[in-house]
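Input sequences plus hints: build the corresponding full structure.
As given, the protein sequences belong to chains B and H, one line each in that order. All letters in the first sequence, in the order written, are residues 1 to 341 by the numbering used here. All letters in the second sequence, in the order written, are residues 1001 to 1175 by the numbering used here.
By construction, these hints were calculated from the structure, which means they are not laboratory data. Bear in mind that the values here come from a model prediction, so they are computed numbers and not experimental data. Be aware that one or more of the hints could be misleading.
As the list claims (entries may be wrong) - One-sided and incomplete, this derived list gives chain H residues near chain B with beta-carbon spacing under 10 Å:
1. Val1007
2. Pro1022
3. Gly1049
4. Ala1050
5. Gly1051
6. Thr1066
7. Glu1068
8. Ser1071
9. Leu1076
10. Val1077
11. Ala1098
12. Asp1099
13. Ile1103
14. Pro1147
15. Leu1154
16. Gln1157
To be verified - Taking beta-carbon pairs under 8 Å as the criterion, some of the chain H residues facing chain B (in silico):
17. Leu1036
18. Gly1039
19. Thr1053
20. Val1070
21. Thr1073
22. Phe1074
23. Thr1075
24. Asp1102
25. Ser1169
Unchecked claim - FRET-style restraints, in silico, Cβ to Cβ:
26. Phe100/B - Gly1132/H: 34 to 42 Å
27. Val1007/H - Leu200/B: 24 to 32 Å
28. Ala1067/H - Glu222/B: 29 to 37 Å
29. Gly317/B - Arg1083/H: 40 to 48 Å
30. Ala285/B - Pro1014/H: 26 to 34 Å
31. Glu1068/H - Ser93/B: 30 to 38 Å
32. Arg329/B - Arg1031/H: 25 to 33 Å
We put the CB at the ideal spot given by N, CA and C, even for glycine.
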Amino acid sequence: MRVLGIETSCDDTSVALYDTDGGVAANLLSSQVDLHGVFGGVVPELASRAHLVNLLPMVDLLLKREQIGLGDLGGVAVTAGPGLLGALLVGLSTAKAICFAADLPLVGVHHLEGHILANALTADLVLPATVLIVSGGHTEVVHMPEIGVYERLGGTLDDAAGEAFDKTAKLLGLPYPGGPHIDAAAKGGVPGRFRFPRPLAADQRIVFSFSGLKTAVRTVVEELPRPLDDQTIADVCFEAQEAIVDVLCQRLFQAARLKRARAVYLAGGVAANGRLRERVAAEAAKRGLHFVAPERVYCTDNAAMIAYAGSCHLAAGRRDALSLDSFARAPLASWRPSPAS
Amino acid sequence: MDPGHAVPAAASFPAGVETTGPGETFGLGERAAALLRGGEVLLLHGGLGAGKTCFVQGLCRGLGVTAEVVSPTFTLVNTYEGRLRVHHLDFYRIESPADLPDIGVPDLLDEVEDGGAVLVAEWPGPLLAALGPLPRLEFLATAGGGPSSRRWHLRGQPEPAAAWRALFSGGDPAC
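In structure tokens form, the structure reads like this:
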């Protein structure tokens, strides 16, 4: 069965096709497709207006490339939330229209479920698993006994991990988005020159706090001679990254132990961070837990993960009514009854 | 700093009140909440790590919000329910006022004008033009005496009420 996936909850417009027999057949992102050629106009920069302009040409492009029609689809999966309502509505309304016109089942997917299940696009899932979702807007630990059952174990009390990376980069004068720049610069960093706090280390709950890191980095940077030399920037990046990765790892494995997970996974944009992947891989190996780092293209926002999640819903006989509504905020809810423990 | 992340000069604000750390910044927000009646627009200025989100966490606690109050930098708008509804916005990632309708700002401002909600904005630069003549309270957090200390300044349009001025000049709020 082929499932069309639509994702408009974030900055990029994305459409994808997942085939239950062959995997991801296509995964298009507006930032990577030359849309000027497709609709011959200026591409607007932002959110719902951009999604509105991008989406239909991208769906057309995908169908044309794959040489299929709407009748070849088994269903349409769309991000229903969380996100900006205006942006979400563009994707949801388009998905509904396609389903209504071609008489296809519609499935609304929670954006975070998409990120979690993106791991299945890289390797078969090993369950039960504990998942760390880390991005610009999210830092959460979720336990997944099976697909469709999600238990939120905790999250950040202030800033998300991705935001901590971006704002640390800003304080060092590195470009936006800062995560990849810190990751790269930290590789040349010498450990031990600076030290940043690991807040809440003694707290027994699954909680994170990254807001204090900004002040800590700023205090260090303000005392350094200007302009900052590359080695100093690398050294600050290294220790800031260690501080973030340390607490992420600690909480992930604390949660995995608590839930007796067989596997741990990473999800979201920060899951592309090299140091985080390295540390989680080493720690998982030490504890005998399964871990495969997700392909980087499936860490950031994409419609392939939504199409795949939708295929899981459809395989379980789930579909949504055409009256489905988008939502700005809602916790990730289970859609399957919890397995008896 | 680039124009989108400009912070107004402290000289354009009254002297302000000092907090010694995040705990006191939270407490200041909590006490400020007692002065809110609904319909206020609060603009929060200050650099990275100034404590803007911490102040809003205190403000929300003071309004009886039980949900976790987190940074809206990436989500752009977080809405909380307490004694009053709070729309917590952050324009850090927003460059142009043309993006405000996409974020739903006109609807949020309508709701605030009707008195049912409070709008709190961090990095409010792009929002200023959209406010028109709407009354607003403007807060600026600057560095204090120690690394964790901050000085909180308040100005307003029109001039803030006496209780607000008292709270942000180190005196006791009249409440």
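So, going through the hints one by one against the coordinates:
{"no.": "1", "hint": "Val1007", "result": "violated, 13 Å"}
{"no.": "2", "hint": "Pro1022", "result": "holds, 7 Å"}
{"no.": "3", "hint": "Gly1049", "result": "holds, 3 Å"}
{"no.": "4", "hint": "Ala1050", "result": "holds, 9 Å"}
{"no.": "5", "hint": "Gly1051", "result": "holds, 8 Å"}
{"no.": "6", "hint": "Thr1066", "result": "violated, 14 Å"}
{"no.": "7", "hint": "Glu1068", "result": "holds, 6 Å"}
{"no.": "8", "hint": "Ser1071", "result": "holds, 5 Å"}
{"no.": "9", "hint": "Leu1076", "result": "holds, 6 Å"}
{"no.": "10", "hint": "Val1077", "result": "holds, 7 Å"}
{"no.": "11", "hint": "Ala1098", "result": "holds, 8 Å"}
{"no.": "12", "hint": "Asp1099", "result": "holds, 5 Å"}
{"no.": "13", "hint": "Ile1103", "result": "holds, 6 Å"}
{"no.": "14", "hint": "Pro1147", "result": "holds, 5 Å"}
{"no.": "15", "hint": "Leu1154", "result": "violated, 22 Å"}
{"no.": "16", "hint": "Gln1157", "result": "violated, 29 Å"}
{"no.": "17", "hint": "Leu1036", "result": "violated, 22 Å"}
{"no.": "18", "hint": "Gly1039", "result": "violated, 22 Å"}
{"no.": "19", "hint": "Thr1053", "result": "holds, 6 Å"}
{"no.": "20", "hint": "Val1070", "result": "holds, 6 Å"}
{"no.": "21", "hint": "Thr1073", "result": "holds, 5 Å"}
{"no.": "22", "hint": "Phe1074", "result": "holds, 3 Å"}
{"no.": "23", "hint": "Thr1075", "result": "holds, 5 Å"}
{"no.": "24", "hint": "Asp1102", "result": "holds, 4 Å"}
{"no.": "25", "hint": "Ser1169", "result": "violated, 25 Å"}
{"no.": "26", "hint": "Phe100/B - Gly1132/H: 34 to 42 Å", "result": "holds, 41 Å"}
{"no.": "27", "hint": "Val1007/H - Leu200/B: 24 to 32 Å", "result": "holds, 29 Å"}
{"no.": "28", "hint": "Ala1067/H - Glu222/B: 29 to 37 Å", "result": "holds, 34 Å"}
{"no.": "29", "hint": "Gly317/B - Arg1083/H: 40 to 48 Å", "result": "holds, 44 Å"}
{"no.": "30", "hint": "Ala285/B - Pro1014/H: 26 to 34 Å", "result": "violated, 58 Å"}
{"no.": "31", "hint": "Glu1068/H - Ser93/B: 30 to 38 Å", "result": "holds, 31 Å"}
{"no.": "32", "hint": "Arg329/B - Arg1031/H: 25 to 33 Å", "result": "holds, 28 Å"}
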